[in-house]
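Construct the complete structure from the given sequences, taking the supplied hints into account.
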Amino acid sequence: MAHEEVNSCVILKDLHYSVKNNTWVRVVDDSTVVVGMTDIAQSLAGALLHAKTKSVGTARRLGKPIATVESGKYVGPVKSPVAGEITKVNEALVGDAGLINRSPYNDGWIVEMKCENLAADLAELLTGDDAVAAYKEKIETDGIECTHLDGSDTYA
Amino acid sequence: MDMDDLEGKKILVIQTHGVETPTRTYSPLFYAMAAAAMEIEVMVWFTMNGTNQLKKGEAEKVQLVKDSNVNLKTMLEMAMDSEVELRVCQQSLELWDMKVEDLIDGVEIMGATSIIELSLTYDHVMYF
Numbered sequence: 000m001a002h003e004e005v006n007s008c009v010i011l012k013d014l015h016y017s018v019k020n021n022t023w024v025r026v027v028d029d030s031t032v033v034v035g036m037t038d039i040a041q042s043l044a045g046a047l048l049h050a051k052t053k054s055v056g057t058a059r060r061l062g063k064p065i066a067t068v069e070s071g072k073y074v075g076p077v078k079s080p081v082a083g084e085i086t087k088v089n090e091a092l093v094g095d096a097g098l099i100n101r102s103p104y105n106d107g108w109i110v111e112m113k114c115e116n117l118a119a120d121l122a123e124l125l126t127g128d129d130a131v132a133a134y135k136e137k138i139e140t141d142g143i144e145c146t147h148l149d150g151s152d153t154y155a
Numbered sequence: 000m001d002m003d004d005l006e007g008k009k010i011l012v013i014q015t016h017g018v019e020t021p022t023r024t025y026s027p028l029f030y031a032m033a034a035a036a037m038e039i040e041v042m043v044w045f046t047m048n049g050t051n052q053l054k055k056g057e058a059e060k061v062q063l064v065k066d067s068n069v070n071l072k073t074m075l076e077m078a079m080d081s082e083v084e085l086r087v088c089q090q091s092l093e094l095w096d097m098k099v100e101d102l103i104d105g106v107e108i109m110g111a112t113s114i115i116e117l118s119l120t121y122d123h124v125m126y127f
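If you read the sequences in order, they're chains H and A.
No gaps in the numbering here: position 82 of the first sequence is 81 in numbering that gives the first Met the number 0, and each next residue is one more.
No gaps in the numbering here: position 117 of the second sequence is 116 in numbering that gives the first Met the number 0, and each next residue is one more.
Where hints are given, some of them may not hold.
For each label pair, taking beta carbons as the anchor points, the in silico distance ranges come out as [what the hints assert, rightly or not]: (1) H/D13 - A/E59: 41 to 49 Å; (2) H/D152 - A/S118: 42 to 50 Å; (3) A/A111 - H/E136: 41 to 49 Å; (4) A/Y126 - H/V26: 43 to 51 Å; (5) H/T140 - A/E93: 49 to 57 Å; (6) A/E59 - H/G45: 34 to 42 Å; (7) H/A119 - A/K60: 42 to 50 Å; (8) H/R60 - A/P21: 34 to 42 Å; (9) H/L48 - A/P21: 46 to 54 Å; (10) A/I115 - H/A91: 42 to 50 Å; (11) A/N68 - H/L48: 17 to 25 Å; (12) A/A111 - H/D13: 54 to 62 Å.
No wet-lab data here; the hints were simulated from the structure.
A virtual CB, placed ideally from N, CA and C, is assigned to each residue, including glycine.
Structure follows, in structure tokens:
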């Protein structure tokens, strides 16, 4: 899977990003997506201790929390990058919120959502080289350096 | 209680500790941010010694986590960014010779009767 690294922060080019909220969207089919936190988000939050997702069936408007995450130094919402209903949550996060740190784009996914107007939502997000360029600017402006816990995913 | 039932609830956090006790300044703001992340409406009410951390130039001096760039000013700003409302007791300003213009941006002043009235409309009050 094509990716770029900026200050050790991994950006996968096939995902769609809300750069402002540091979340990503993986398109499953024309109305279903998986959502998670970016490598930048997990680095800024630090080693996560708890992640609580909203329940299956919860309808979310754009920007509303799909989960809350907390580390020793940070607590905050994971804001939805799309509008839709939560159809699955990552149960593995209940016992191991660190999955988000170690595998932000794979095993540490947060929820699956069914969207009514996915094309419109995706149009507001960035993907490919546009996403990389936007993150490069953000990472350099904010002086972000990503950190990875032992056992983190590697990207070929 | 299911997390989905919390939306729309209101919590009032009362902070009476200030810059002279750094370890007592962190948690109330952290809880407030946690509540905000859970879509709970949250207000932090500073009174007594709590008021002195809102004086311009003071919170920056309070380092909270060793070897970290997070200080009390950072926490107050993060709280405000999380839509936590910060209010200060008007009467307590005098304790610290503070005037309205001494307050950091984003903090509103309220009188005692307003806070009593407000506290009755909140679902829960956390007192520190």
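For each hint, the structure was consulted:
1. H/D13 - A/E59: 41 to 49 Å: holds (43 Å)
2. H/D152 - A/S118: 42 to 50 Å: holds (48 Å)
3. A/A111 - H/E136: 41 to 49 Å: Given range 41 to 49 Å: holds, Cβ gap about 48 Å.
4. A/Y126 - H/V26: 43 to 51 Å: holds (48 Å)
5. H/T140 - A/E93: 49 to 57 Å: violated (42 Å)
6. A/E59 - H/G45: 34 to 42 Å: Cβ of A/E59 to Cβ of H/G45: about 22 Å, so the range 34 to 42 Å is violated.
7. H/A119 - A/K60: 42 to 50 Å: Given about 48 Å between the Cβ atoms, the range holds.
8. H/R60 - A/P21: 34 to 42 Å: At 39 Å between Cβs, range holds.
9. H/L48 - A/P21: 46 to 54 Å: violated (22 Å)
10. A/I115 - H/A91: 42 to 50 Å: holds (46 Å)
11. A/N68 - H/L48: 17 to 25 Å: Holds - the Cβ-Cβ distance for A/N68 and H/L48, about 20 Å, lies within 17 to 25 Å.
12. A/A111 - H/D13: 54 to 62 Å: Distance hint for A/A111, H/D13 holds at roughly 58 Å.
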